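Asks: Sequence:
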Amino acid sequence: MSKYSNPVTLGLDTFGDVLSDNAGKPVSHPETIRGLVEHAVLADQVGLDFFGIGEHHTFDMPLSAPDLVLAAIAARTSRIRLGSAVTVLSSDDPVRVFQRYSTLHSLSNGRAEVILGRGSSTESFPLFGFDLADYEELFEEKVDLFARLLTEEPVTWSGRLRAPLVNADVVPHTAGGPIPTWIGVGGSPKSVIRAATYGMSLMLAIIGGPAERFAPFADLFREAQRRLEQPAKPIGVHSPGHIADTDQEAYEQLVPHYLEVLTRIGRQRGWRPPTADQLRHEIEHGSWYVGSPETVAPKIVKALRTLGTERFDLKYGLAGVPHDAVMRNIELYGTKVAPLVREMLADES
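Residue numbering for the sequence shown follows my numbering, beginning at 13 and increasing consecutively.
These are computed hints drawn from the structure, not numbers from a lab. Incorrect hints may appear among the rest.
To be verified - Subject to a maximum C-alpha distance of 30 Å in a straight line, what follows is the list of computed DSSO-like cross-link-like pairs (lysine-lysine):
1. LYS314 / LYS245
2. LYS245 / LYS348
3. LYS202 / LYS314
4. LYS314 / LYS348
5. LYS202 / LYS245
All values derive from a computational prediction rather than experimental measurement.
Construct the complete structure from the given sequences, taking the supplied hints into account.
Replies: If you want it as structure tokens, here you go:
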């Protein structure tokens, strides 16, 4: 078990959910996108380590070009690392993804990173003309190509689902080494092995149930790195949550939007309608980090200890949550939760 000799990394992730103004009226897509820049600026000011934007293509989550928003954020911040959470590589082109994030890496003075995933939402596949029957093979081929591009040397590559490259020098090159790259995993041992095989970091997307059920994935990743003689790369945790001044306030701010959003998604995916008791169970026993700083910080520490990881990214915001509540969530995460987490982990060093 790690004794946390390295500083813990505490980040924020968003899917660009359409929030509400303080009167409860949904804001427009342009306001949503501009608001993300303000969220990231505040996250930088309060000392958080990472700000990530997940790619989505829906009315409630209109963040189809996260790298453009991250570039705007880079111009207004100086310290916080910036990246995707995740980039749906299967329906994108690895060359263009590399070029966009290496450009962001330059604009941000080396603060860019990328988290690659297959995507739990599949709306991008028909949008860009990809066949869901090729879901697995698309990701396998494209991760292989992306890993080669990270060397920043001329690439010769061929696959079944993309045109080949012959001695292609893909630019721009970065300074100071390759872009830090993670693979997001929601429960596939094969994806864990893939991350280790390519020497990439592992991001565990834990959105329900206790964190400890993902401990075998963390152990598998470390063992795979050892057997493949790969250098040890970090493991991170991504989970949803909401922080307010009190436990009750956090719950009341979140629960109506939790019920509305998950009911709507459930109708599309054939899930049962959620209940308030379900949210309370996830808060008390699962992987929703909801409450006051004094409640959320120990829960984050427990997850980090259980999995032996040193990074936690809080997925904040749901469609409809008021703007001021989101800003207070970010402020409390940086000024209250992060210091408490670091203090508790420092006691173990």
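Asks: Each hint should be assessed against the structure and marked as holding or not.
Replies: Evaluated hints:
no.: 1; hint: LYS314 / LYS245; result: holds, 21 Å
no.: 2; hint: LYS245 / LYS348; result: holds, 28 Å
no.: 3; hint: LYS202 / LYS314; result: holds, 26 Å
no.: 4; hint: LYS314 / LYS348; result: holds, 17 Å
no.: 5; hint: LYS202 / LYS245; result: holds, 17 Å
When the structure is compared with the earlier hints, no violation turns up for any of them.
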